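**Student:** Chain by chain, the residues run as shown.
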Amino acid sequence: MTEPNDRRQGTHDAPALIRIEDVFRRYPTGVEALRGVSLIAHEGEVVCIIGPSGSGKSTLLRCVNGLEPIDRGRIRIGDREVHAKSRDAREIRRQIGMVFQSFELFPHMTALANVSEGPRTVLRMPRAEVETRARALLAKVGLSDKADVLPAQLSGGQQQRVAIARALAMQPRAMLFDEATSALDPETVGEVLNVMQQLAREGMTMLVVTHEMAFARDVADWVVVMENGLVLEEGTPHTIFGSPRLARTREFLLRVEHAPARRVEP
Amino acid sequence: MFYWPAFFEAFPALLPGLMVTIELTVLVMPCALIVALSLALARLYAPRPAARMATGWVEFWRTTPLLLQLYWLYYVMPSETGILLPGFATVAFGLVCNVSAFLSENFRAGIASIRPGQRHAGLALGMSERQAFFRVVMPQAWSRVMPETASMWVELFKETSLVSTLAVADVTYHALALRTENYRTLEVLTALALSYLVLAYPQAKFCDWLYRRHRVRE
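Protein chains in written order, with the working numbering: chain W, 1 to 266; chain S, 1 to 218.
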């Protein structure tokens, strides 16, 4: 039914950029967060990962850029394999942007300094060039006027947009979004989703863990449903939201629909 | 009866001692900061045996009296270990050990209070662990420990008076010596107190200013 080549026109034949193969991750506490997950994101594709809390979605993202080690399996970015401990992990993290649920902007730096930090400290680019790039990115996320403001003076939505700009400043090959809108006030969710949608349109490869079903339905090229550390089902948004194959998926989607709705701007 | 001439005449006599006190403070504090940071890092990030040793070292210096520590270094260390340092170096070493133990506990708590997500955000940008620590974690931790560190500085400045009991000619030593010469205890000790106050007050204010400047709004 849902064969991989169902993927949306234009992306299904692009080369695979993120390739996750049979990944296991067990926490020192004994909890098995991932129990054999496989997943592919092709270049320019938006893959949304949905599923109940504790299903291993966030852990998977953190394994992709080596913030957490894996016990078994393989994760590759392009033709490089991710190893959490190795020096390579740094090289891979440079190429992959990450956006956190709690923003994690550096509170002691202005918005501009936050966006400049990667190119400056990691890429060691010249100061003038860094500033040009950072200002352009702040403009892109609609925050030109907030360049000299500290994170504490920004709303949640604004902070998250700065965080996206900060990740983009490294000119990453792919972006990981770890529940980027879950900690936001309802009225600022839309502005962050809009930025993400714009990125998707520009052809950024994105792995998006989200509870925003509307976003997954409208923007994703591919939707992955996870539960208990396993991929339950995957397919095009049309298939997953229209005619999911498994009863478990249907149950999950029904639960989400009936949860106190957080509407996204149409 | 407060005899003013004795009060005013005390200051020139105290001056050389005052220089020793200032030297001691200015020398000990930066050293203590570096040692304290190393100890805090060892306790947080070093392999377990090294972390344990650092903890033991810190606890030893924190839980014994400074005066005893100085006496031990001054009288026992030379006779038992054969290490004979000049008096000034001996007390400076003791003060560094003592102050750094207290500071390191403060630093350790400050660093641990920065949530791990901040480090992860640095690493996710491609920073090395070292860069993430010095660019992201340390500046924030420093702002949090600044007030305590500032008050330790002033504390140290005053505690150096203990070294006068070990023939190190600091300002207190000179005052006590002067007192036995002219028997003007009231005037001499008042002059001594005023000397400490006049010097410590701007330091305390300077620390307050540093704190305001470094404060991070979250």
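Hints may contain errors.
To be verified - Pulled from the structure, derived: some chain W residues nowhere near chain S, Cβ distances all over 10 Å:
id, residue
1, Pro-52
2, Arg-74
3, Gly-97
4, His-108
5, Glu-117
6, Glu-129
7, Arg-135
8, Leu-246
To be verified - Each computed SDA-like pair below joins lysine to any residue, with the alpha-carbon atoms no more than 25 Å apart:
id, chain 1, residue 1, chain 2, residue 2
9, W, Lys-146, S, Ala-51
10, W, Lys-85, S, Arg-213
11, W, Lys-85, S, Phe-134
12, W, Lys-85, S, Gln-118
13, W, Lys-85, S, Ser-38
14, W, Lys-85, S, Arg-119
15, W, Lys-85, S, Ser-128
16, W, Lys-85, S, Asn-106
17, W, Lys-85, S, Glu-148
18, W, Lys-146, W, Glu-129
19, W, Lys-85, S, Ser-143
20, W, Lys-146, S, Ala-46
21, S, Lys-158, S, Glu-148
22, W, Lys-85, S, Ala-50
23, W, Lys-146, S, Gly-87
24, W, Lys-85, S, Lys-158
25, W, Lys-85, S, Pro-49
26, W, Lys-85, S, Phe-60
27, W, Lys-85, S, Arg-212
28, W, Lys-85, S, Ala-51
29, W, Lys-146, S, Arg-212
30, W, Lys-146, S, Ala-112
31, W, Lys-85, S, His-120
32, W, Lys-146, S, Glu-148
33, W, Lys-85, S, Arg-135
34, W, Lys-85, S, Gly-117
Hint data in this document are derived by calculation from the structure and do not stem from the laboratory.
Small disclaimer: the values here were computed from a predicted structure and weren't measured.
All C-beta atoms in this analysis are idealised placements derived from N, C-alpha and C, irrespective of residue type, glycine included.
**Student:** If a hint holds in the structure, say so; if it does not, say that too.
**Tutor:** Going through the hints against the structure:
1. Pro-52: 22 Å, holds
2. Arg-74: Answer for Arg-74 (chain W): holds, closest chain S Cβ roughly 21 Å.
3. Gly-97: 8 Å, violated
4. His-108: 5 Å, violated
5. Glu-117: With a cut-off of 10 Å, Glu-117 (chain W) comes too close to chain S, as the shortest Cβ separation is near 7 Å.
6. Glu-129: Its Cβ never comes within 10 Å of chain S, the nearest being 17 Å, so this holds.
7. Arg-135: 18 Å, holds
8. Leu-246: Answer for Leu-246 (chain W): holds, closest chain S Cβ roughly 33 Å.
9. W:Lys-146 with S:Ala-51: 43 Å, violated
10. W:Lys-85 with S:Arg-213: 37 Å, violated
11. W:Lys-85 with S:Phe-134: 20 Å, holds
12. W:Lys-85 with S:Gln-118: Roughly 18 Å between the alpha carbons, so the hint for Lys-85 (chain W) and Gln-118 (chain S) holds.
13. W:Lys-85 with S:Ser-38: 23 Å, holds
14. W:Lys-85 with S:Arg-119: 15 Å, holds
15. W:Lys-85 with S:Ser-128: Since the Cα atoms of Lys-85 (chain W) and Ser-128 (chain S) sit roughly 11 Å apart, the hinted pair holds (cutoff 25 Å).
16. W:Lys-85 with S:Asn-106: Roughly 30 Å separates the two Cα atoms, so the pair is violated.
17. W:Lys-85 with S:Glu-148: The given pair, whose Cα atoms are some 36 Å apart, is violated under the 25 Å limit.
18. W:Lys-146 with W:Glu-129: 19 Å, holds
19. W:Lys-85 with S:Ser-143: Violated, at about 30 Å.
20. W:Lys-146 with S:Ala-46: With a Cα-Cα distance of about 40 Å, the restraint between Lys-146 (chain W) and Ala-46 (chain S) is violated, given a limit of 25 Å.
21. S:Lys-158 with S:Glu-148: 16 Å, holds
22. W:Lys-85 with S:Ala-50: Between Lys-85 (chain W) and Ala-50 (chain S) the Cα gap is close to 21 Å, so the pair holds against 25 Å.
23. W:Lys-146 with S:Gly-87: 57 Å, violated
24. W:Lys-85 with S:Lys-158: 47 Å, violated
25. W:Lys-85 with S:Pro-49: 22 Å, holds
26. W:Lys-85 with S:Phe-60: Not OK: Lys-85 (chain W) and Phe-60 (chain S) at ~35 Å, beyond 25 Å, violated.
27. W:Lys-85 with S:Arg-212: Measuring from Cα to Cα gives roughly 39 Å; hence the hint is violated.
28. W:Lys-85 with S:Ala-51: 21 Å, holds
29. W:Lys-146 with S:Arg-212: 23 Å, holds
30. W:Lys-146 with S:Ala-112: 30 Å, violated
31. W:Lys-85 with S:His-120: 14 Å, holds
32. W:Lys-146 with S:Glu-148: 33 Å, violated
33. W:Lys-85 with S:Arg-135: 21 Å, holds
34. W:Lys-85 with S:Gly-117: 18 Å, holds
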